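K.L.:
Just need the whole structure built from these sequences, with the hints factored in.
Mapping to the numbering used here: the sequence shown position 233 is 233, numbers consecutive.
Since the hints were made in silico from the structure, they are not lab data.
Below are the DSS-like pairs computed for lysine-lysine, each with C-alpha atoms no more than 25 angstroms apart in a straight line: (1) Lys205 with Lys95; (2) Lys219 with Lys205; (3) Lys95 with Lys137; (4) Lys95 with Lys130; (5) Lys177 with Lys205; (6) Lys153 with Lys176; (7) Lys103 with Lys86; (8) Lys153 with Lys95; (9) Lys137 with Lys150; (10) Lys130 with Lys103; (11) Lys176 with Lys95; (12) Lys130 with Lys153; (13) Lys130 with Lys150; (14) Lys219 with Lys176; (15) Lys153 with Lys177; (16) Lys103 with Lys137; (17) Lys153 with Lys205; (18) Lys177 with Lys219; (19) Lys103 with Lys176; (20) Lys150 with Lys95; (21) Lys86 with Lys219; (22) Lys95 with Lys177; (23) Lys86 with Lys36; (24) Lys205 with Lys176; (25) Lys86 with Lys137.
Quick caveat, the model's predicted, so the values are computed rather than measured.
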Amino acid sequence: MKELDTIHPEQLFRLYQSRNIDFITIKDFEYPSLLKEIYDPPLALFAQGNSALMQERLLAIVGARDSDHLAENSLRTVMPDLIREKLTIVSGLAKGADTMAHKQAIEYGGKTIGVLGGGFFHIYPRENRKLAELMAKEHLIISEYPPIRKPEKWHFPMRNRIIAGLSVGTLVIQAKKRSGSLITADMALDSGREVYAFPGPINHKLFEGTNHLIQQGAKLVGTSEDILDELYFKN
1 MKELDTIHPE
11 QLFRLYQSRN
21 IDFITIKDFE
31 YPSLLKEIYD
41 PPLALFAQGN
51 SALMQERLLA
61 IVGARDSDHL
71 AENSLRTVMP
81 DLIREKLTIV
91 SGLAKGADTM
101 AHKQAIEYGG
111 KTIGVLGGGF
121 FHIYPRENRK
131 LAELMAKEHL
141 IISEYPPIRK
151 PEKWHFPMRN
161 RIIAGLSVGT
171 LVIQAKKRSG
181 SLITADMALD
191 SGREVYAFPG
201 PINHKLFEGT
211 NHLIQQGAKL
221 VGTSEDILDE
231 LYFKN
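P.N.:
Written out as structure tokens, the structure is:
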């Protein structure tokens with residue numbers, strides 16, 4: 001879409017309107033209050049879909065891009081109850097764990113929000129384009145980057161602060177010892193939010209990160225009650 005780079009701002013505005021893309025600033029009523037509390041909140045968000053979902057009770061679910069069947073099965077032990085209790089699932093539309101989180105939320109009849117590391121006209125990864133299109137119609141995708149902006153490597157750590165900042169808590173389902181998921185967890189802790197993690201075999205590289213989080217004080221998750229009792233019913 002190189003031709004979009006030369007479109008006049010008024011033409012871009014009309015294009016965004018035709019795609020049902022909203023522009024929400026930090027001063028607008030629709031801007032999520034929890035996100036305002038983080039360090040360096042985005043001054044504006046582009047949104048496509050049901051923007052009212054950002055006012056719901058949100059739980060971030062993140063993990064490794066190469067998450068395996070153990071992550072999928074672990075997530076299925078908690079997702080039905082999370083959806084039953086009206087938690088909206090937030091993730092990053094990346095491969096692996098993020099895709100699992102979005103798809104399971106939809107499968108169990110819930111709502112989900114995808115936070116992108118680029119603009120809506122450059123969905124990454126490409127294999128999630130249809131998922132993103134579905135979410136833009138029936139759920140919500142958001143980004144701090146204009147729709148014509150291509151994703152850059154440094155966008156994704158910035159994207160993670162929004163995932164954590166929107167949510168009352170963050171569940172990490174699998175993570176390597178150094179990963180973006182751990183960055184998200186750290187950002188959640190910095191904002192005073194809850195962090196949860198699935199434990200796993202000590203010799204499994206995709207559980208090195210979650211086991212480390214548990215050692216550092218994250219809540220070990222064995223059942224949905226481990227999340228709901230502390231998070232949803234805490235108040």
